[in-house]
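Novice: Spelled out, the chains give:
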Amino acid sequence: MQYSLAALLRNALSGNTHWSPAWRDPQPKPSYDTIIIGGGGHGLATAYFLAKEHGITDVAVLEKAYIGSGNVGRNTTIIRSNYLLPGNTPFYEWSLKLWEGLEQDINFNAMVSQRGVLNLFHSDGQRDAFARRGNAMRLNGVDAELLGPNEVRRLHPLLDLDNPRFPVKGGLLQRRGGTVRHDAVAWGYARAADRRGVDIIQNCEVTGLRIESGRIIGVETTRGTIHAKRIGLAVAGNSSRLAAMAGMRLPIESHVLQAFVSEGVKPLIDQVVTFGAAHFYISQSDKGGLVFGGDIDGYNSYAQRGSLPIVEDVMSCALALFPSLGRLRYLRQWGGIMDMSMDGSPIIDRTPIEGLYLNAGWCYGGFKATPASGWCFAHTIATGQPHAFNAAYRLDRFASGHVIDEGGKGAVPNLH
Amino acid sequence: MRLTCPYCGSRGNDEFVYLGSADPVRPSHHDAPAEQWTAYVYERTNPAGAHRELWHHSFGCRSWLIVTRDTRTHEVLKTEPARDAAHTSSEVAVP
Amino acid sequence: MTRTLQPNRLAGGGLIDRERILPFTFDGRSYQGQAGDTLASALLANGVTLVGRSFKYHRPRGILSAGPEEPNALVELRTGARREPNTRATVAELYDGLTATSQNRWPSLAFDMMSVNGLAGPLFSAGFYYKTFMWPASFWEKVYEPLIRRAAGLGRAAREADPDKYDRSHLFCDVLVVGGGTAGLAAALAASRSGARVVLCEQDFLLGGQSLSCNDEIDGKPARSWVQDATRELEAARRVRILTRTTAFGLFDHGVCGAVERVSDHLEAPAPHAVRQRYWKIVARRIVLAAGAIERPIVFPGNDRPGIMMSSAVRSYIERFAVLPGRRAVVFTANDSGYATAQALKRAGAEVAAVVDSRPKSVQRGAAESVDAPIVHGGAVTATRGRLQLRKIEIVDGDGRKREIDADLLAMGGGWDPAVHLTCHLGGKPQWSDEIGAFVPGRLPAEIAVAGAAGGRFTIAGALGDGQRAGNEAARNCGYAANADTVSTVEAASGPANGAPFWHLGHVAKKCFVDFQNDVTAADISLAACEGYRSVEHLKRYTTLGMATDQGKSSGVNGLALLAEATNRTIAETGTTTYRPPFTPVAIGAIAGYERGKEFRPSRYTPTHDWAAERGAVFVEVGQWYRAQWYPRRGEKDWLESVNREATAVRTAVGICDVSTLGKIEVTGPDSGRLLDLVYANAMSGLKVGRVRYGVMLREDGHVFDDGTVARVAPDRFFLTTTTAHAEAVLRHMEFCHQVLAPSFDVSFIDVTDRWAQLAIAGPKSRELLGKLLGSGFDMSSESVPYLSVSKLTIGDVPARLYRISFSGELGYELGIPADFADALVRRLEELGEPLGLTPYGTEAMTVLRVEKGFAASGELNGQTTARDLGLAELMSTKKDYVGRALIGRPAFIDPDRPILVSFAPVDHAAPLSAGSHFLNIGAPASLENDQGYMTSIVYSPTFGHYIGLGFLKRGRERIGSRVRAYDPVRNRDVEVEVGHACRFDPSGGRARA
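Residue numbers (my numbering), protein chains in the order written: chain A, 1 to 416; chain B, 417 to 511; chain C, 512 to 1505.
Bear in mind the hints are in silico, worked out from the structure with no lab data behind them.
Warning: the hint list may mix true and false statements.
[To be verified] A few chain A residues facing chain B, derived, Cβ under 10 Å: (1) 17; (2) 21; (3) 154; (4) 301.
[Stated by the list, open to error] Quick list of the computed label-pair ranges, beta carbon to beta carbon: (5) B/493 <-> C/1083: 28 to 34 Å; (6) B/493 <-> C/683: 19 to 25 Å; (7) B/423 <-> A/396: 38 to 44 Å.
Note that the Cβ used here is the ideal one computed from N, Cα and C, for glycine as well.
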């Protein structure tokens, strides 16, 4: 059923009882051409683009719980392409371009809202680092503006520019950055993939990979064995566990990242704002809640919960930027499990096992990458070769030294 | 989260700095095969379960500790000073 | 008794202070309440039943509950900088002069234009926004979204800085009891009597929980008296701490509980020097959760009008607050507790028009007989009327006959849900219990136990016994012998017991609200299920059920039951969503505590800070440090003029700069040299006593980690400096190298960053100045104090160290002295240096000098560069192992195309440069493919009379003398520059060695 205002009106008149399911609930077939493990944003987008761009529709997406139950359902909804390094910039810009056409492409309103992403800086050194980044973006045709304090003040009257500890000297603004309604991304891609024939199979946990003479031939699941000649892993947070089933050790640690949402209030903050003196980012959802977060807790974890030190740090950062938020209450905190990679950048590549492909290592930047990740992963699976956009995201870059380390932190995942 | 430092007792995790897995062993020489070095620096088992990991009691006694912790529940199974842990194989040769 | 103007205030009873009248205003109208009231009870006492509007349809809403689960009665409390949106009137304690305003309505609460949304209700079905607003694409941000954003949100947050203070404190105890109802009190008493150190947290301002709202007896006395006795005993116990007005909002790993105490929220403003709220981090060896239970609404058409209230809340308003919330009431119940409400209503003088009991007559026991009111067995409420206030109720009896009843109050109770919220914070999954028709806590960590209604034991007797058992056991687990005394001898009194769960009428009709605040109806749930959103998480996220400020406390279980039905599953099969912290919303300011404003981060000051401040220095934040950036002098028109003067003074005379922010580490022990050989890329063990060497350390991945100087002050003692930024990380890394990689080495480290002050004294006249300071007894000649040497000396009788090192390229020294003496020393030097033209210089001039010399600093040591990139390849030892050596030979590291550190000068000497520019070949289009590198540091060089910069350029050293563009579009600059050696000034280094 095509979604439109007319459809809404028609169904409203008939008591909203004739809507069809957004996606089917099929039984898994014994075999598929391609299986995507992981019904999150990246996995569902991959399935959609396999069908749309490559005509590969004999595809199953296997999800151990419900679709969107991983990080696409527990992030701070930010999209942007303000990256520094050449391995990253074109990829994220492609992602932003796909976001810009998303709703018309998949006929699902995910509320892509390009209200701008503003990175504040507080010192000359930071300004220069952001200038370097902004210039790298401009070289790639991406919009970037370096704002002075007065321009920042005009955009954010509640911001404490004269913060007594770390006054704001300005900011790097990407106007095309913004937010997207995160759950809707999973649902929208699921529905669009389903309409092109992809089987989305929920409550189907993969328990083993079947490999014969160096080639993938299928998966063991809680709903039986399913054969396929190509299998893509898109299970960020659990990449190491799945890779271990294929005897691989990845340059990844799983870490918990917390995020927070406040009670809904009338509009306060229009853009996404990030702090330069500490790790903190904040925006306001269309529903009115402030959505914000900070650093990862910093230790390996598969439990979707964090601890108080990070909560304290995040709340004090919120007040350092917006002192009027002191009496506003936060409503909910949650934790997601991140694939923290050794250089802070992702992997979209083949693996040493023929037919097995890997999409992993998104750290806590995976949400904004969803469309391009799916698009590039689909390309890599369909053609057996990476696209230029994901050419740098190789698995062997750690051995060769071609790391993509935006922060210059080295091989310590919790510093990225 | 709380960790129990063998020297200082039970402390909040904000007193500690985390490094990562304690399992990778530094190859004994810089000329060791490149794969060994890549594995040491980059590859991690990252288990969902018991995990031996390095924590530094930065705001305490400054000891490096090896904490064995279940990454699914955060339950701490064991804590010992890193220098006590059998690490003789990683002793480096310094001219 | 004082006469009040409170029409619904009962003449007697309640736990309010009738002598203390508290005036307050709501939406600008003045009212009076009593001490002991909440805002909700005071409003009800005054006959105010319309309090808020719902989120989506802007439907009129009243007060549903008497507790923290309230979804409807949200107000803006206080005004101006203290405005608190979305404050639940049911927990806001009344104070003298309280000001509250209704929210999310325009122009007024009674006449809200946005309520037209309700007319289009079917159009605004669950998830409608995912299906439209897509055309044309550009309209989302321009048209639809701004409208939605304005309409969304509830109250208005304050727009000025919060004027109040907050505190953060720790508490350590044996047993933490969460909840001060009967179960919690019993647990605290038992644990206390065993000798355990106990903390008892209660969110209310009174202890007692539900027992404050009943007229049951415990041990032959009214429950309230028992509560008073228990409270007295606990207050007298030395090892018990009672925290009322304190919400335990979250449980965290290993016995950590976060709690917020509302220290001053019951006052108009905190007393002078008092905090508004205090955030407690409670560390407990054992935790007893006695958080009680929450009554569940019933889903029926029109169940949201003002005047429809939870049955337990009606009792609470009558018994605790002495307020009669309606004159003519109907009770709609699924269990026996509805009869207690009917009795309370009767006692308070209300007419009970009917008790509608969803159960057939056969199910009921004695309770029904105890109430003198018409009872409708097997009945249900099928409709309600009244625009802003309930007027009529339509009911159907067990035989299907419908009739209308006039009523201004409907008390509903669909059963009780244990408050399992905190039990989920550590990963526990609630389990459905058919026995009590509710979710009970799932498996818990060993240190946590549940007692009373929170565990599904709803009677007072059950709560007392359960509490005592849990308290005893918790104490025993902490090593205390259990006390044999029982906390009470009570036998089962009446109490809320769950009947078979009753969710809703058999068919889904219009406007049966499940989530009141977010306007999620039973029809929305059916729709979501029909569209495939069958997981509870999908349901929640698609319909927003349970996502409002009450986080589903009253709506969650009803929603699950409806979903289970719609999908032909049991509730157990359907599962629940996850309850996460905080239990109730927590003020951001409370958790930030004192880390606000200037105290957001610690401030570190150099030992000569006061001296620099006296000289008018402009300070700059460098991490936590404040450093003098430059020292303006009268008549100088801008900072550049000051910096030029300072840099020139160093090149021509002598300057002084506090460099104490460098990390400083003393390394001692026989294996010090071996350890430093492992840490640094260059060899240190061969360094002679009295000598200094520049050192660079790599990360194990081969990139440069840090640099600094290493001085050997004795055979077994080195003193080294690190960059300011990496001081802490370097020491930690060295300790790692020692304790993990080389544990047998006999070496130790002392962080002396704050112990030693270090003053750079640089310039051609620096030797002369130091000669004056140290006197003729100290030979300052180059023979005695050569370049790259360290000397131990005393100034007066203060031990000091003189390092002959130079970050400026001039003859220079760094003088180390115990930090406490630095202020005196700098003043003495200033006095001695005055005739030599001694000039204090700041970090800006320091940067000018080091960029002229091509020395790397933070812009170049950015974690992405290698020693080779920095021109330090020859430093890297080939004779030893060291951290980072193994991986520097990887293909990416030896790629000849890597950008290399070189310097740049504008071809047009008048042109400014900017760091962050990218380099492009002349004539090449600006594109990523043509990117040749980037500028890292720029200064105006008074020595050269134009800007110069450092940066990384592909094949930089092969291109010296050639030109490239420094392209800086974000600052609208595009400057042609000439490439030069990194070191532009005195490349032979003769001046430093002079």
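Novice: Now, for every hint given, state plainly whether the structure supports it.
Specialist: Comparing the hints with the structure gives:
no.: 1; hint: 17; verdict: violated (43 Å)
no.: 2; hint: 21; verdict: violated (33 Å)
no.: 3; hint: 154; verdict: violated (38 Å)
no.: 4; hint: 301; verdict: holds (5 Å)
no.: 5; hint: B/493 <-> C/1083: 28 to 34 Å; verdict: holds (32 Å)
no.: 6; hint: B/493 <-> C/683: 19 to 25 Å; verdict: holds (23 Å)
no.: 7; hint: B/423 <-> A/396: 38 to 44 Å; verdict: holds (42 Å)
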